[in-house]
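**Student:** First to last, the protein sequences are chains S and G. FYI, the numbering for the first sequence is 459 to 774, going by our numbering. FYI, the numbering for the second sequence is 2 to 324, going by our numbering.
These aren't lab readings, by the way, just hints derived from the structure by calculation. Predicted model, so just to flag it, every value in this text is computed and none were measured. Even for Gly, the Cβ is constructed at its ideal location relative to N, Cα and C. Do not rely on the hints blindly, as some may be mistaken.
What the hints assert, rightly or not - Not everything, but these chain G residues come out facing chain S in the computed CB check (under 10 Å): (1) M29; (2) A30; (3) L168; (4) Q304.
What the hints assert, rightly or not - Computed footprint of chain G on chain S; a stretch qualifies when at least three of its residues, placed anywhere within it, have a C-beta under 8 Å from a C-beta of chain G: (5) 467-479; (6) 683-696.
As the list claims (entries may be wrong) - Stretch by stretch, here's where chain G covers chain S in the computed footprint (C-beta under 8 Å, at least three residues): (7) 631-642; (8) 669-678; (9) 753-763.
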Amino acid sequence: MFRLFLLRFLRWGVGLILILFLTYGMMFFGAGDPIRNMFIDSNEVDYRDPAVMDALRAKYGLDKPFHEQFANYISNLVRGDWGRSIRLEVDRPVWDIVKFRINVSMQLGIAATIIAAAVGVPLGVFAAIYHNRWADRLIVSSVMFLTAIPVFVTAPMLLYLLVLVLDVMDVPYGWQGIFSSNVILPVAVISIGPLPIIVRQTRSALLEVMGQQYIRTARAKGLHERTIVLRHMMRPAMTPVVTTLGLLMVTLINGALFVELVFNIPGFGLLTIESIRLVDYPIIMAVTVIGTMIIFVSNFLVDLMYPILDPRLRSK
Amino acid sequence: MTVANLQATSAQIVDSDLKHRSLFQDAMARFSRNYLAIFGLIIITIFCVLALIGPMIAPYDFLKQDLLHALKGPSAEHLLGTDELGRDIFSRLIYGARTAALVAFSTTFLSLIVGVLVGTTAGFRGGASDQLLMWVSDLVQAIPSLLLVILINTAVRRPIINWFDDLYEQSRNPFFLNTTWLDYVLVFSALALIGWPGMARLIRGQILSIGQDDYVLAARALGASDRHIMIHHMIPNALGPLVVAVTSTLGTAVVLEASLSFLGIGIQPPNASWGTMLNDSLKLWQSFPHLMISPAVTIGIIQVAFVFLGDGLNDAFDPRRNR
Chain S
459 MFRLFLLRFL RWGVGLILIL FLTYGMMFFG AGDPIRNMFI DSNEVDYRDP
509 AVMDALRAKY GLDKPFHEQF ANYISNLVRG DWGRSIRLEV DRPVWDIVKF
559 RINVSMQLGI AATIIAAAVG VPLGVFAAIY HNRWADRLIV SSVMFLTAIP
609 VFVTAPMLLY LLVLVLDVMD VPYGWQGIFS SNVILPVAVI SIGPLPIIVR
659 QTRSALLEVM GQQYIRTARA KGLHERTIVL RHMMRPAMTP VVTTLGLLMV
709 TLINGALFVE LVFNIPGFGL LTIESIRLVD YPIIMAVTVI GTMIIFVSNF
759 LVDLMYPILD PRLRSK
Chain G
2 MTVANLQATS AQIVDSDLKH RSLFQDAMAR FSRNYLAIFG LIIITIFCVL
52 ALIGPMIAPY DFLKQDLLHA LKGPSAEHLL GTDELGRDIF SRLIYGARTA
102 ALVAFSTTFL SLIVGVLVGT TAGFRGGASD QLLMWVSDLV QAIPSLLLVI
152 LINTAVRRPI INWFDDLYEQ SRNPFFLNTT WLDYVLVFSA LALIGWPGMA
202 RLIRGQILSI GQDDYVLAAR ALGASDRHIM IHHMIPNALG PLVVAVTSTL
252 GTAVVLEASL SFLGIGIQPP NASWGTMLND SLKLWQSFPH LMISPAVTIG
302 IIQVAFVFLG DGLNDAFDPR RNR
């Protein structure tokens with residue numbers, strides 16, 4: 459078992475370095491020199507001076523050949539130095555920026571997961587109780603309908619509906635902390651994403667439990683139907699649902715890109731787009747490392763949790 | 002009794018006593034009972050037809066600007082109004098359907114080819130080549146897909162355009178001046194790059210599992226030849242999940258193309274794309290909501306149709322799921 463884990467981590471390590479190499483290569487040979495872009499975009503006289511530009515290049519180590527730059531980056535990264543931002547927030551340590559952005563995205567993700575669970579679990583329970591009747595079909599297909607529509611369509615449509623037609627709010631824009639009313643709409647939109655997974659998990663977990671002998675026993679004892687559902691069915695059925703919730707929270711950090719863009723929330727997704735637009739190497743690399751790690755870790759957790767998620771595997 | 006004899010008799014029995022129903026006929030029978038899926042199929046058919054014969058239906062040229070009638074709401078002349086340059090929104094939507102359909106079909110085709118090649122190699126050869134190919138597809142799937150597509154699109158466009166400029170300088174061939182089709186090629190390739198691992202995994206899984214199934218064993222016990230088993234048992238059974246996967250890839254490609262164009266790195270103006278229209282409308286939506294509603298509703302309807310169709314096909318080919 460231990461050797462299996464070790465082998466797996468080794469494969470991931472090699473894979474991650476390969477991914478970083480390709481990313482750096484694409485930026486270096488394709489997207490170009492951030493200092494030159496700075497010169498093109500800037501009106502300040504300073505930046506038009508070739509000597510200043512060369513000095514800037516030297517400062518960020520951009521004057522070196524590709525292999526040296528990449529080797530430097532990796533050796534710094536291993537020592538925990540993520541470098542400094544070149545253009546987005548000039549000279550600020552990348553880790554500071556990333557930490558702040560992830561924090562924002564995580565708060566949004568947690569809030570969205572809580573809301574999705576609060577809506578999704580009861581819906582799943584109802585769907586299971588009314589299995590294969592119209593309520594079940596309505597719940598399953600309407601949740602499917604909701605998630606089918608991409609976020610960058612839902613968000614503007616909701617804005618239109620709430621701001622222009624119903625006139626119940628101002629346009630939420632920017633980030634003022636998780637407890638400001640600005641986050642209501644973004645969180646609602648993000649929470650639509652994981653909703654069908656939660657509903658489906660709850661529904662199938664409950665259906666699995668419903669056929670068990672002890673449920674029949676509970677009915678035979680004459681227990682109230684509500685007690686049966688809440689105490690005898692829900693408790694064993696909730697384990698896979700809670701596990702799914704934990705995983706969803708992790709993946710939401712990667713997933714909220716469009717919501718952050720539309721509502722201008724400085725989260726991790728927006729950082730990705732901004733850094734690529736400005737060709738800010740250190741941030742692009744950091745975003746790639748963290749985004750890929752998140753997926754690695756959640757895949758790993760899924761594998762670990764598989765017996766819990768799929769009861770058929772537990773018995774074997 | 003020889004094997005050939007037995008085969009002949011069993012074929013006779015099947016032919017005479019029972020009306021033969023193939024896997025596909027069964028699946029189609031289940032599919033046609035699912036109204037939501039039929040609805041999805043109809044919407045997607047309309048979308049494909051519009052994409053094909055769009056120029057014949059579109060009332061205006063999608064590039065024709067009419068600044069005197071810019072930002073007009075829906076009217077008899079302009080069914081869905083005009084945008085900030087006075088271009089007819091309905092015509093642009095139809096041309097956007099062409100873009101979306103072109104991207105969807107090319108992307109799916111490309112990822113299917115790569116997926117079949119990689120999947121069959123991994124599945125049939127096994128061993129080290131299987132391990133290596135699956136490791137690569139794992140890695141591709143581990144990079145957040147939008148990040149990967151954005152990176153590729155930003156990194157590859159500029160060098161290629163520079164290269165084309167050089168080629169034009171040298172050859173004076175006007176072919177190298179027009180780079181608008183490059184957007185399409187870039188978007189296809191980037192999307193196919195993130196699409197193939199899923200296909201490859203599916204095909205590999207099918208190859209590994211279907212040979213072990215009981216009906217293959219049964220057919221073999223009845224003395225069927227390898228060729229017969231392949232054509233009549235293995236391929237039809239493998240095809241179902243593949244049809245489902247292709248449908249969902251088509252839908253994903255449409256939405257990814259729209260997302261890329263929404264971010265301003267997919268199909269560049271003046272080419273029409275729903276994503277670009279939606280993104281352009283975000284600057285003006287408070288005063289001119291009609292700019293936003295038409296592309297948003299269009300993308301929404303197409304996506305819902307794809308999801309219902311995919312779900313219907315899934316149920317039709319795998320009736321045990323979700324029961």
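**Student:** Hint by hint, note whether the structure agrees.
**Tutor:** Tested hints:
Nearest Cβ of chain S to the Cβ of M29(G): about 21 Å, over the 10 Å cut. The hint is violated. Of the supplied interface hints, the one on A30(G) is violated, with its beta-carbon coming no nearer than about 19 Å to a beta-carbon of chain S, more than 10 Å. Interface hint status for L168(G): violated, as the beta-carbon distance to the closest one in chain S is roughly 18 Å, over 10 Å. Hint status for Q304(G): holds, given a least beta-carbon distance of 5 Å to chain S, under 10 Å.
With 4 residues having a beta carbon nearer than 8 Å to a beta carbon of chain G, the region 467-479 of chain S meets the requirement of three or more and the stated coverage holds. Residues of the region 683-696 of chain S lying with their CB closer than 8 Å to a CB of chain G number 0, which falls below the three-residue condition for coverage. Here the region 631-642 of chain S counts 0 residues with a CB under 8 Å from a CB of chain G, which misses the bar of 3, and the coverage is violated. Given a C-beta distance limit of less than 8 Å, the hint that chain G covers the region 669-678 of chain S is violated, as 0 residues qualify and 3 are needed.
Check result for the region 753-763 of chain S against chain G: holds, 3 residues qualifying (beta carbon to beta carbon below 8 Å, three or more required).
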